[in-house]
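**Student:** Just need the whole structure built from these sequences, with the hints factored in.
So the sequences go chain by chain: F and P.
Sequence positions in the first sequence follow our numbering and run 1 to 478.
Sequence positions in the second sequence follow our numbering and run 1 to 283.
Hints in this document: simulated from the structure, not taken from any laboratory.
Positions of the beta carbon are idealized from the N, C-alpha and C atoms, including for glycine.
A portion of the hints provided could be inaccurate.
[Said to hold, decoys possible] Quick list of in silico lysine-lysine cross-link-like pairs, BS3-like style, CA-CA up to 30 Å:
(1) Lys-240(F) <-> Lys-44(F)
(2) Lys-394(F) <-> Lys-143(F)
(3) Lys-140(F) <-> Lys-317(F)
(4) Lys-96(P) <-> Lys-394(F)
(5) Lys-333(F) <-> Lys-260(F)
(6) Lys-430(F) <-> Lys-442(F)
(7) Lys-477(F) <-> Lys-96(P)
(8) Lys-240(F) <-> Lys-163(F)
(9) Lys-317(F) <-> Lys-36(F)
(10) Lys-96(P) <-> Lys-113(P)
(11) Lys-168(P) <-> Lys-442(F)
(12) Lys-442(F) <-> Lys-278(P)
(13) Lys-163(F) <-> Lys-276(F)
(14) Lys-370(F) <-> Lys-278(P)
(15) Lys-113(P) <-> Lys-394(F)
(16) Lys-140(F) <-> Lys-237(P)
(17) Lys-113(P) <-> Lys-430(F)
(18) Lys-430(F) <-> Lys-96(P)
(19) Lys-430(F) <-> Lys-278(P)
(20) Lys-477(F) <-> Lys-278(P)
[As the list claims (entries may be wrong)] Coverage of chain F stretches by chain P, computed from C-beta distances (three or more under 8 Å per stretch; other residues unrestricted):
(21) 367-378
(22) 458-466
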Amino acid sequence: MSGKESTASKQSVVDDLYAESAHWNLNAGEETIHAKRMGGYWRKVKWLAAFSWIIFFIGPYFQWGDRQAILFDIPHRQFHILGATILPQDFWMLSLTLLFFALLLAVATALAGRVFCGFFCFQTIWTDVFTWLEENLEGKPQKRRRLDKAPLSLSKITAKTTKHLIWLLISVLTGISFVAWFYDVFDLWRDLFLLQAGSVAYGTIALFTAGTYVLAGYMREQVCFWLCPYARIQGVMIDKTTVVPSYDFHRGEPRGRLRKGQSEEERTTGDCVDCKQCIAVCPTGVDIRHGQQEGCIMCALCIDACDEVMGKIGRPKGLIRFESYEALEANKKPQPLYKRARVWVYSAIMSLALFGIAYGFTALAPLELKVIHDRQPLFVLQSDGSIQNKYTLKILNKMTTDITVTVRAEGPEGLVLVDEDLVTTARRGKVTARTVFVRVPKPMLSAETTPIVFSVQGEHDNQMLQGSRQSVFIGPKR
Amino acid sequence: MADNNPFPGENNTGHIWDDNLRELSNPPPRWWMIAFWASVIWWVVYGVLYPMWPVGQQPTQGIMGWSQMDEYKQGLDEVEAVRAEFETQIKGMTAKEILAAPGLSQYTVASAKVLFGDNCAACHGGGGQGGPGFPVLADDDWLYGGAIENIQQTITMGRKGIMTAHGKLLSDAEIDSLANAILAGNPTSDPNFAQKGCIACHGMDGKGMVVLGSANLTDGIYRFAPAEGESQLDTIKYTIKHGVNDVTEPKTREAVMPSFSGRLSEDDIKKLAVYVYKFGGGQ
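**Tutor:** Rendered as structure tokens:
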């Protein structure tokens, strides 16, 4: 390699580096992003997805029988979900539910990228609604930028105050709706107006109001960039086969402006006309033409924008489209779903979790028994020569009515349950404790500890309910 | 240094090391300053509202009039208010009536745990399991009767049973024979039992007498459990020989249940009686 060539190649390497660094822009929120709003297919999908959050606001008002259909009653340690009441003892189901949703996030991300971020995340949706209001109250992005820079005037104050009041109203409603899942909703409204709700309720509402107002009103995409762990986690779940909004650089490059009078046949540039509409509509200020990047929440609004421009200038749509890196780069056909190991593994774990939850709901035992053997003393010698053990039975009644239960014990021969005929009222939704004594004649004990099974039985709606548990009967050392 | 600053027009402090390593005076971020001043304001407001400055004997009291002691007392009052309902009921009831009321007896068992721990557990064990020289409260073998009234009386008045030391009255062989019969659970099989007057206190059948507090010698439950390295037979012999609470015998066994009437209120004793009864031996 001659000296001249070497210098030239060095120069080209440096040029590349500079070209790259020119694109590098750290979005740390110095400038408010006023994204342009355009219609389109994905815009419609986004609104539809956003509407799924309506359930968050109206959910608490649904009733089931004489109570709220879904109520997470923390003071009473009960979760009511439609007909089912879940006590802390059944909390393992919550773990499975969380597992299911964690995996759902993983599988959705592996297949189609950050669909959660782009379409379902509350941060995205609340921000979307807030900016939609902004657009309707203050006008298009250009006008908004001018208004931001304009000196204080009566009209500016009116416009800004109206916007902030509506933002605050939405924020307060968000806070109240959140609390309503944990607090009877009608009581909540009454208590709020009578200033009788507890400090936890007011505190939570205040926190959510402030959170919604600040996060959706001011921080916006900064949350996705710098606060949200899911944004980063999902980023690493994406691979070459994941279908994500991508700019088709084969088709687009070299980009060039549309010239007046130039016919399509004479054109030497690619399909991209460098109109920058994809950047203008991006809520996080990303240029998708640089490829996949951390700021992209995959909301697909740039696809709408590009398609509209392509339609107007008569070039085929889909210059920016949902496509995998593999398909774009290597022109590979995407593998069908059933041939991908991830799909199978994720689906298997999700099915397991779902199966577990379903099992949990069908097998929710209405009566549960726990037995605690008294340890001080472990056993007592009685005057008739028998050995007595003391147990505390904890009877959990998960139903909504009290039931009367009888206690039984099965164990070594000659076993006597003291006061066997005594019935206990197992209080609804609570643990009822009862102390019982069991006596076994000393000669019947062949070992220091012998298994013993306690059971409680009660009748409810002509149905026999039972809970049982094994414990030990302890005698003297042999 | 500042006179010949090699980096003029820059916001450095004039502190320069190694030619070009210099300290800049950049303002902290706005959010940081806001948080800083908010904390300062918080601190001032807190100092006005709450006790803060250690001035003289007493710190400044704060205009809210809040004190930790008041909050503690308030908490105590809350607990007392919950208990009051039960406590007033207990006042007007006998121990037997408390026992018969399920909710109340449950409350009593829960609240008397502390009383038992403070007053009884040192000798009788935390669960009434007894200890060397101290009777088990959890079994159904009672020297003075296991009815709730008996238990209440025992706690109130205390107990002190007496057994004469028989070392001078009986030969070693006789003591040996009696002790073996007792260990076998059949004291009446030994003619000495009747002849030497044991029946006077322990009864014709050897089952003891509640009025005297004499032990049942037939049930295999012993008032005095063997000490480390001793057999049950040894302790029986010892008891026969030296007696219990016999003032004439220096090596006699001491067995005194003190009276609690001066130490505990009547209500507390009632509660304790219920608590002991519920160990499982109450009759």
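**Student:** Please go over all the hints and tell whether each is borne out by the structure.
**Tutor:** Each hint tested on the structure:
A threshold of 30 Å between alpha carbons decides the hint, and for Lys-240(F) with Lys-44(F) the separation of about 28 Å falls inside it, so the pair holds. Annotation: proposed proximity of Lys-394(F) to Lys-143(F) is violated, straight-line Cα distance about 69 Å (limit 30 Å). Among the hinted pairs, Lys-140(F) with Lys-317(F) is consistent with the structure: their alpha-carbon atoms are about 26 Å apart, no more than 30 Å. Between Lys-96(P) and Lys-394(F), the direct Cα distance comes to roughly 26 Å. Compliance with the 30 Å bound is thereby established for this hinted pair.
Of the supplied pair hints, the one linking Lys-333(F) and Lys-260(F) is violated, its CA atoms being roughly 38 Å apart against a limit of 30 Å. Straight-line distance between C-alpha atoms of Lys-430(F) and Lys-442(F) comes to about 37 Å, which puts the hinted pair past the 30 Å bound. Straight-line distance between C-alpha atoms of Lys-477(F) and Lys-96(P) comes to about 37 Å, which puts the hinted pair past the 30 Å bound. Straight-line distance between C-alpha atoms of Lys-240(F) and Lys-163(F) comes to about 43 Å, which puts the hinted pair past the 30 Å bound.
At most 30 Å may separate the alpha-carbon atoms for a hinted pair to count; Lys-317(F) and Lys-36(F) meet this at roughly 20 Å. Between Lys-96(P) and Lys-113(P) the alpha-carbon distance is near 18 Å, which keeps this suggested pair within the 30 Å criterion. Of the supplied pair hints, the one linking Lys-168(P) and Lys-442(F) is violated, its CA atoms being roughly 38 Å apart against a limit of 30 Å. As the CA atoms of Lys-442(F) and Lys-278(P) are separated by approximately 23 Å, the hinted pair is consistent with the 30 Å bound.
Distance check on the hinted pair: Lys-163(F) and Lys-276(F) sit about 28 Å apart at the alpha-carbon level, within 30 Å; holds. Restraint check for Lys-370(F) and Lys-278(P): the C-alpha separation of about 20 Å stays at or below 30 Å, so the hint holds. Using a Cα cut-off of 30 Å, the hinted pair Lys-113(P) and Lys-394(F) holds, with the two alpha carbons roughly 19 Å apart. A distance of roughly 107 Å separates the Cα atoms of Lys-140(F) and Lys-237(P); the hinted pair therefore is violated under the 30 Å criterion.
Using a Cα cut-off of 30 Å, the hinted pair Lys-113(P) and Lys-430(F) holds, with the two alpha carbons roughly 23 Å apart. Using a Cα cut-off of 30 Å, the hinted pair Lys-430(F) and Lys-96(P) holds, with the two alpha carbons roughly 28 Å apart. For the proposed pair Lys-430(F) and Lys-278(P), the alpha carbon gap of about 23 Å is at most 30 Å, so the pair holds. About 26 Å separates the Cα atoms of Lys-477(F) and Lys-278(P), which keeps this hinted pair within 30 Å; it holds.
Requiring three or more residues with a Cβ within less than 8 Å of a Cβ of chain P, the coverage given for the stretch 367-378 of chain F holds, as 4 such residues are present. With a cut-off of 8 Å between beta carbons, the stretch 458-466 of chain F has 0 residues touching chain P; three or more are needed, and the interface restraint is violated.
Violated hints for the displayed structure, listed by number in ascending order: 2, 5, 6, 7, 8, 11, 16, 22.
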